[in-house]
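Asker: Taking the hints into account, I'd like the entire structure generated from these sequences.
Our numbering puts the first residue of the sequence shown at 1, with every later residue one more than the last.
Please note: incorrect hints may appear among the correct ones.
[Said to hold, decoys possible] Estimated spans, in silico, between C-beta atoms of each pair:
{"id": "1", "residue 1": "L120", "residue 2": "G71", "range": "25 to 33 Å"}
{"id": "2", "residue 1": "Y53", "residue 2": "K140", "range": "19 to 27 Å"}
{"id": "3", "residue 1": "G128", "residue 2": "V50", "range": "36 to 44 Å"}
{"id": "4", "residue 1": "L122", "residue 2": "L48", "range": "38 to 46 Å"}
{"id": "5", "residue 1": "I136", "residue 2": "V41", "range": "34 to 42 Å"}
{"id": "6", "residue 1": "N60", "residue 2": "T17", "range": "31 to 39 Å"}
{"id": "7", "residue 1": "G126", "residue 2": "M92", "range": "15 to 23 Å"}
Derived by calculation from the structure, the hints in this document are not laboratory data.
All values reported here derive from a predicted model rather than from experimental measurement.
Each residue gets a CB set at the ideal place from its N, CA and C atoms; glycine is no exception.
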Amino acid sequence: MTLYILIALFNGICIVTSRTLNGQLAQQRNAFYSAMINHIVGFAFLTLFVIAYKDYQSINLINIPLISFVGGIIGAFFVVINSYVLPLLGVMLTSVLAICGQMISSLLIDIINEVQTTHLLLQLMGVGLIIGGVLINFRKKTK
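Answerer: Below is the structure:
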């Protein structure tokens with residue numbers, strides 16, 4: 001379990017590092033250019049990875065439901081949005097707002113899918129506290 005926690009923490013470091021680098025590139029060019037470079041490099045890396053591990057034999061695009069491709073569109077949109085807002089809001093605020101959005105949408109998805117939880121009230125309070133913290137931080141910066 002500890003290994004998975006460390007991997008998840010490393011994933012968080014990768015996300016912030018990627019956002020920062022994409023934001024810097026977006027400042028030099030624009031958000032769409034940054035997202036395009038991000039996805040071209042990512043595609044090249046994943047292609048090499050799949051070829052190296054000979055996993056390409058299991059890929060059958062015909063049997064993949066069309067809705068599954070929406071994730072790629074959302075991922076590209078995510079990179080464009082982050083590349084655009086990060087230079088304007090900063091790394092910390094962009095990250096906190098993104099996490100807040102993830103928590104809200106995760107809660108809504110769990111509620112819609114009727115996932116049984118004994119901690120719904122605590123989860124709602126946690127999201128509320130994060131939103132409150134963001135609002136307090138935002139008010140201090142605008143005064």
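Asker: Take the C-beta atom of G128 and the C-beta atom of V50, compute their distance, and say whether it sits inside 36 to 44 Å.
Answerer: holds, 42 Å
Asker: Holds or violated: 25 to 33 Å for the Cβ distance of L120 and G71?
Answerer: 26 Å Cβ-Cβ, so the 25 to 33 Å window holds.
Asker: Check the following: the C-beta atoms of N60 and T17 are separated by a distance inside 31 to 39 Å.
Answerer: holds, 34 Å
Asker: Is it true that the C-beta distance of I136 to V41 lies inside 34 to 42 Å, as the hint says?
Answerer: Check passed, 38 Å falls within 34 to 42 Å.
Asker: Mind checking the hinted window 15 to 23 Å against the Cβ distance between G126 and M92?
Answerer: The hint (15 to 23 Å, Cβ to Cβ) holds, given that G126 and M92 are roughly 18 Å apart.
Asker: With respect to the beta-carbon atoms only, verify the hint that Y53 and K140 lie 19 to 27 Å apart.
Answerer: The hinted range 19 to 27 Å is violated for Y53 and K140, with Cβ atoms some 49 Å apart.
Asker: Could one say that the CB atoms of L122 and L48 fall in the range 38 to 46 Å?
Answerer: holds, 43 Å
Going down the numbered hints, you'll see the structure goes against just number 2.
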